[in-house]
Amino acid sequence: MSLGTLDRTPPPIFKQGPSALSKLIIFSALALFLMVADSRFNVTQPLRAVLATAMYPVQWLSLQPVQAGRAVGDYFITARQAQTQSEAAALLLATQALRSSQVEQLTLENSRLRKLLDLREQLKVEGVAAEVLYDAADPYTRKVIIGKGMSQGVVLGSPVIDEFGVLGQVTLVHPLVSEVTLIIDRDLAIPVLNVRTGVRSLAFGDAGGSGGLELRFMGSNTDVQQGDLLTTSGVDGVYPPGLPVARIDRIERRAESAFARIHCIPLALVSGARHVMVLQPQSAQIPPRPTDASAVVSSKKGALP
Amino acid sequence: MIMRSGQQLLLPASPVFIWCSLLTALLLDMLPFGRAPWMPDILALVLVFWNVHQPLRIGIGLAFVFGLGVDVHQSALLGQHALSYTALSFFAAMIHRRLLWFTVPSQAVQVLPLFLVAHLVELVVRLVNGNIFPGWTFLLAPLLEALLWPVVSVLLLVPQRRAPDPDENRPL
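Respectively, the protein sequence lines represent chains A and B. Under the numbering used here, the residues of the first sequence are numbered 15 to 319, in order. Under the numbering used here, the residues of the second sequence are numbered 1267 to 1438, in order.
One or more of the hints may lead you astray.
[Said to hold, decoys possible] On the chain A side, residues computed to face chain B include the following (Cβ under 10 Å):
#	residue
1	Leu48
2	Leu77
3	Leu147
4	Ala150
5	His188
To be clear, the hints were calculated from the coordinates, so they are not data collected in a lab. Just so it is clear, the structure is predicted and the values come from calculations on it, not from any experiment. Think of the CB as a built atom: it goes at the ideal place given N, C-alpha and C, for glycine as much as any other residue.
Turn these sequences into a full structure, and let the hints guide you.
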């Protein structure tokens, strides 16, 4: 056996390169700089986009076993199950047929009434269908990655819905994929409207990690009941109005606090959605805010009577 | 060449194999197994392994780059995995001369603090950034990584343990 086949080579004596400690300091400083740049100044998006595109092949490869498993699972779905599903779908279609056939007439009537009253036209909503690739493997946040990105026209801040309601909002757009923060993430807030009473409020993701929402800043004497439906209010410039968001699950009115604790259950399949719809954000269609001068005039007018 | 008595002489490690193992570990990390806090980080394990066995080839800079990749994949704060992998790689470089004098099970005990430090770095960054505490099960992750150390040691040294002069009776 010749000596060249051995692994243990002596370390170089002179060509040592920078020491491990200096490398540690340099790279830690770089990492800290990146973290600050990412969390405070939001300037790392190009770097993220480049890395995400470079890693896309590995990502695609890692998703193949899961998609193969899903495909096999779908193939072996029993005939009985398929039959029940199709029956349920037919029933749902029948119940929705009446309402959907009325929609045309109602839309026409609505637009005429709006014209009559000189109100602004309802905003149009356009969307792109997308598939959920995977849940972000991050125990601290609730995000999913969808398989449509900048190249398919997804823009930052777009609302994302599934067949039951609002799922979340696009918070990062890469060239081929984008990241959706779910409505149950504790950093996401969504303006909602209680359909029964017409009261507007804000729903936040639950910090407890129970996978629900919390309706905050509601006085303990407000009129909320278990089972109330919350829809998007449409005042935020992001979500179109009237999309179902959540249903109120339980209300804790506490004597020591002026606010009630209201827990809601999201209607969308936050942990199991596979196909979602990315809508265009409404902010592009909303007219700009009035300037200060007109605001002063209007407030004077409002104060007169 | 000083080494532990009874230790097998190894063939040189092939750079292609090192890179393939690192990419496979990245792929394993990316498999969508959900978001359990106790999921062991295979990439960190393989990085430490090559840092200890091939310190001249795999160093702190590479660990940093792989950390950035994981951050982008998890769409986490950019730089937190990079920081934890940098620390991990530094400590691996610190102990790499000593570690190989021990048997593989006692090596596993000695790398456990490394993984613990890496996960704690990540946790501290998260908490500073305003995230919630994910629950105590995250402490299982470094333990599982240390338990996987012997497995990885066997698997990744297999190509280097082949015979230096294979013949017909001994093809491998």
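Note to self: Using the nearest Cβ pair, does Ala150 of chain A come within less than 10 Å of chain B?
What the structure shows: Holds: closest Cβ of chain B sits about 5 Å from Ala150 of chain A, inside 10 Å.
Item checked: Given hint His188 of chain A near chain B, where the shortest CB pair must fall under 10 Å -> holds, 8 Å
Notebook entry, point to check: With a cut-off of 10 Å, does the beta carbon of Leu147 of chain A approach a beta carbon of chain B closely enough for the hint to hold?
Noted result: Since chain B brings a Cβ to about 8 Å from Leu147 of chain A, closer than 10 Å, the hint holds.
Checklist line | Agreement of hint Leu77 of chain A with chain B interface, Cβ distance less than 10 Å | finding: holds, 7 Å
Margin query: Does the closest beta carbon of chain B sit nearer than 10 Å to the beta carbon of Leu48 of chain A?
Written below: holds, 4 Å
In summary, the structure agrees with every hint in the numbered list given earlier.
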